[in-house]
Amino acid sequence: MSDVIRRDPRAEWIARNRLHPLHGTIAVGDDAEVRGPSGLLRKNPHKVGFIGPNGIKRIDRLKGNGAASGMGRRSSGPQEVQLPLHSVENPDFYIVVVPDLVGGRLTSQDKDILGQAHKMAKDIEGKGAVVAVCFGESKEENYDTAGVDRLIHLEGEEYEGFSPEQRLAALVQVETSLQPKHWLFPDSVNGGTDLGSRLAARLGERPAVQAWQVTHETTVSRGASQSLDITRETPRILMLLEECADAIDETRHEVKAIELDSVPRAIVQLQDQGQVAVDPNAIPLAEAEFILSAGNGIHNWDQFHETAAALGATEGASRVAVDDGFMPRFRQVGATGTWVTARVYLAVGISGAIQHMQGIGQCDKVVAINTDAGCDMVKRAALSAIGDSEEILGELLKLAQEHRANKGEEGEQNAA
Amino acid sequence: MQPNIKQSLDIVSLVSIGQHPQSGRVRRAEQDGRAVELGMNLGGDNLTVLHAGDPQEQALRTYAGMGLSSMQVLNLDTQDDAVPALADYLQQLRPDIVLTGVRAESGESSGMVPYLLAEKLNWPVVARIADIVSVEDGVAEVMLALPRGQRRALKVALPFVASVDNAAPEARQSAYGPGIRAQIEPLAAVKEEDAVRSNWSEAKAKPRPKRLKVVKAKTAAERFKAATAKPQGEAGKVLKGVPAKEQAQEIFNLLLEEKVI
Amino acid sequence: MVLDWLPSVLIAVALSLAVIGAVRRVSLWRAGQPDKVDLIAGLMAMPKRYLHDLHDVVERDKYMSKTHAATGGGFVLSVVLILAVHLFGVDNQILAWALLAALVLMFVGALFVFKRRMDPPSRISKGPWMRLPKSLLAFSSAFIILTLPVAGILPEGTGGWVLTIILSVVIAMGLAEMMFGMTWGGPMKHAFAGALHLAFHRRQERFGGGRSTGLKPVDLTANDGKPEILGVSKPKDFKWNQLLGFDACVQCGRCEAMCPAFAAGQPLNPKKLIQDMVVGLAGGTDAKYAGSPYPGKEVGYAKGGPDQIITQGLVDPETLWSCTTCRACVEECPMMIEHVDAIVDMRRFLTMEKGSTPNKGAEVLDNIIATDNPNGYAPANRANWAADQNLPLMRDVKKADVLFWVSDGAFDMRSQRILRSFVKLMKAAHVDVAILGDEELDSGDVARRLGDDAAFQSLAKRNLEILSQYEFKTIVTTDPHAYHCLRNEYGDFGSDALDGVEVLHHTTYLNRLVQAGSLNLEPFKGGTVTYHDPCYLGRYNGEYEAPRELLRSLGIEIAEMERSGFRSRCCGGGGGAPITDIPGERRIADMRMEDVNTTGAELVAVGCQQCTAMLEGVVEPRPEVKDIAEILADQLIEEVH
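Protein chains in written order, with my numbering: chain X, 1 to 416; chain E, 1 to 261; chain R, 1 to 641.
Do not take every clue at face value.
Only part of the chain R face toward chain X is listed, based on derived beta-carbon distances under 10 Å [claimed, not checked]: (1) A18; (2) G21; (3) I579; (4) R587; (5) M591; (6) E594; (7) A613; (8) V619; (9) E620; (10) R622; (11) E624.
Not everything, but these chain R residues come out facing chain E in the computed CB check (under 8 Å) [claimed, not checked]: (12) A287; (13) T357; (14) N359; (15) G376; (16) Y377.
Quick caveat, the hints were computed from the structure, so don't treat them as lab data.
The model shown is predicted, which means the values in this text are computed figures rather than measured ones.
For glycine and all other residues, C-beta sits at the position ideal for the given N, C-alpha and C.
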């Protein structure tokens, strides 16, 4: 749609002509003025004006003359908002963020930390720029809205895969060339903690880890397995927990590239042999992300195992299924078995004894397949299918296999 | 699985005093216990279990209860920094592998000890290992624990420092008898006070506020709506009397949405 | 003539061999650890114990008790008289007639033994035991013939050479079994060892109708707090009178018939276990064992000796971990052998020395040590269940008539229903009751049955320490396991916290309230009700009546299960069995539910949270399971103010 405001002479004419049959449908400001029974013009104060962009009531002095044009804009639909650009010329200092970039994209934790960096930069005297140091292939397109003022992107096979030593060498190079005020790392299992710790050890800095409340002066971090809050002066190197600050969402940033002087090749002592294929069923139940769990309602066990394999799910079981010998004991989910933390828990033929429900208390999404619509598992589930488990599993298996086949084709095409 | 060890190994497992998450009581630390377990599986008798702190601490007996005949304790006070003492001791002992937990369960739990030791000894450090698969000709093949049960294989030359992840084999049961009988040998240690720490204040952890869905309302009406609107209905969707095919499709869509497939 | 001197020589030889055997056997027992027993008093009390306590148990099988009285009585009497008549040659007609009478009595008894052995039930052992009736018959008949001339019925020298030879062989056979075999490990060993076992029993309190069920504590202070060995690793680590007790086994298999683990196909057979202990104390293999094996395990491969570790070759640890400590075997054993003591002793070694408690055992023990409850819940949350109950805490009131011991059911949502029902009843009866809140700790029952006596003792001492701070007359608990610990096991730790305090199970206490008319109840109108006796309430503490009386007070006529009262079958939940979880062919709880189903009951009344959990774990459809407190609370007519 065009953003050019156009006048609609017909609408304006109707708005002016109170006797026009369509007048009531078009005139906006007009509703506020009603001809009273005595013929007097009455103003309805509630109808006067409109709510402005800041939530403040505005009165339109154009007397409806601007209404038509306003309507025209309204009809142009939601538009791309161009966020204001936050630019830093000749920064006085730098705050460096080293995002995890899982799968080449910023994680939500990375974005929070970029937000944190800006929060700190704002409070420190002088103009600061937030630098992101990214390693390896990047698929991220929105560095600007995530709050990256400067980007150091290091690519090349030496940074691919598992390469903490080479990355550390690069960070040391950044340290000497930028002298950053702070280094921020995500405190995560995706590499942030490792890299941050390596840098801290190399620079001889005492980092704050598991930090969650940080200003440029003081830092509150967790200690003693999350049971302690340590308050201290904010150190140079920080490893931050998730949701430590809000991500940037109101500004755009320059994403100016900084080229580093050549980074020396580190002596690689840790030789990456690549990721190892792990059978989903070998993943410990407590760690598994997606569990397909079987209960008393399963009769076709071959089909169940096949479905689990096709979906790539870790298998779980209720106590009864274990007692009856269909599943090994270490697969038992529940208060007397394993307490699971899966994001998705697909319970087939489990009605949900209290002990079982306790064991899946931390699961995000529970899906139930059951014949009994009134059972506790269905009450807990975000999605329930009431019906014969064998039939539904059969369909699910088909879908999974199709999905897999499609994916395989896609993969081939991509390769081609 | 028995590791494939083709040479004699001197292993040091560093242990700290753990803390139970529910009761706060001292105990064998989860990951340190795994470090000892891994050390026992690899090194057999050439395992040194080392602690820096108070040799009288009862929780040390829970490590000994795994079947250790003796433990070494670098005698330190609570305000002392463990790293200089450990580094000094390891410098003299020159073991092949030093195993630690990822993070201590008490104190600062910064997880820096393996990195600092590695830096001081100038050894490589491997974080979060799940297993040591083999050691051959001075090179160890190590399994790294990645999130959600994934693994990465790595080769590293001896000597090195490794921190042991929760994905490593669980520590064996600690038995009372061997625990009380084990010899705990206090050793004199380099004492350096942890000066940074003295400037801290420590308090019981406050519960972290859960991030709310912030509605950036531009208008009063939107703000009002955000404040008063009922949260989205929690009741789950129930598919009843629907053909199995559609039910399966619905479930499958949810799985796709959650990105578990 | 040969017949004149041959019998006396044979008797003398057999007798001296028996004495040598006895000395040898005694030395085997003496390899065990010392235990304080009053030897003289024990020996003096032995005949009474035999005729009274032992006979009471045997009497449950009328056929066998009569048979045994005839055979055994006849034998003892005839041996005394044989010594007089045939060895010392006292020529007295009256003595000879008395001997004849005794021998005939024995002969008749032996005939019945013979008849029993024609088609023996599967629980009794075969092998050498099958020749016992023949030996008994041979012994009695040979001596009858031998005595006839002495009694003057037959002239001296009747029969001539042939008869003499035959008779001599038969006498030798009989004597070999009855005298030589008695002390050299034949079936008759049971008489010799059994008699001494009764005299030197480790739980003397059991005789005369007493009850002694608390486990004996491990001495953790020995050797300056570092005992050389904890629990029993080798047969010689048992107390000497425990070894003696094993030797007393008659292999009647009554324990086997009662054992829930055996019936469930788990690898435990109490009789075989005791026989393996005998193999262990004497050294050798179990090849000669001729009874039922451990389910799923072949006989003949177990090897052991007094100095060899039991769990390495003699008994599989799985066997020890299958036991639910229900004491059905002990209750049923005519020789009053203590199977459970032995099993827990050996478990102590596995847990406290080897650190090999199976399955979830290690985790549960770690939790108990670190959080004072088996599931690792935050100890501060222990009283959360009572947030809406308005129950005073001992910490605040310091003093109350009744202390309600809540036990670990406080953390379990199902058990909390029982707790609430009980509190409702207590309030209705206006009882001055208080709880310890989060000062209460696990009773230590599970830790102790899993063999971790160190953890148990630590809990017991800390619990006693807390109890000693407050003043109360009665402790009432809804958990029979805690009840047992408090009542029978906490006494060993030198605290006066429980002196003069009555420890009661809630059914006992509620029964008193109902009998005193403090509770206004309306009659029960549901269907058929049966009652399941919890092991730790019934066999461990002898409380069979109070729960039944309570049910009757509601107008319920209990449809009793075949196995109820002291013969009640375990639910499978005791002794940490659900934690160690040894696989079998069936689940014990399922078998118990079948017992319930045969009564046609629609409701099982229970007096234990563990039994409730186990029975409710049976797949539906099944009868409803409710604690008696819940049933009563439902029938309570609440006062309207």
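Evaluation of the provided hints:
Because the beta carbon of A18 (chain R) sits about 52 Å from the nearest beta carbon in chain X, more than 10 Å, this interface hint is broken. Here the hint on G21 (chain R) is broken, as its CB sits about 48 Å from the closest CB of chain X, past 10 Å. For I579 (chain R), the interface hint holds, the least distance from its beta-carbon to any beta-carbon of chain X being 9 Å, beneath 10 Å. Interface restraint check: R587 (chain R) against chain X, minimum CB-CB distance 6 Å, threshold 10 Å, status holds.
The restraint placing M591 (chain R) at the interface with chain X is violated, with a minimum CB-CB distance near 13 Å, outside the 10 Å limit. Hint status for E594 (chain R): violated, given a least beta-carbon distance of 15 Å to chain X, over 10 Å. Of the supplied interface hints, the one on A613 (chain R) holds, with its beta-carbon coming within about 8 Å of a beta-carbon of chain X, less than 10 Å. Satisfaction of the interface hint for V619 (chain R) is found here, the shortest Cβ-Cβ separation to chain X being roughly 6 Å, below the 10 Å cut-off.
This hint holds: E620 (chain R) has a C-beta 9 Å from the nearest C-beta of chain X, less than the 10 Å allowed. Hint status for R622 (chain R): violated, given a least beta-carbon distance of 12 Å to chain X, over 10 Å. Interface restraint check: E624 (chain R) against chain X, minimum CB-CB distance 15 Å, threshold 10 Å, status violated. A least Cβ separation of about 33 Å between A287 (chain R) and chain E goes past the 8 Å threshold, and the interface hint is therefore violated.
With a cut of 8 Å, the hint placing T357 (chain R) at the interface with chain E holds, because the nearest CB-to-CB distance is about 6 Å. Interface restraint check: N359 (chain R) against chain E, minimum CB-CB distance 11 Å, threshold 8 Å, status violated. For G376 (chain R), the shortest C-beta to C-beta distance to chain E is roughly 6 Å, which falls under 8 Å, so the interface hint holds. A cut of 8 Å between beta carbons decides the hint on Y377 (chain R): the least distance to chain E is about 6 Å, and the hint holds.
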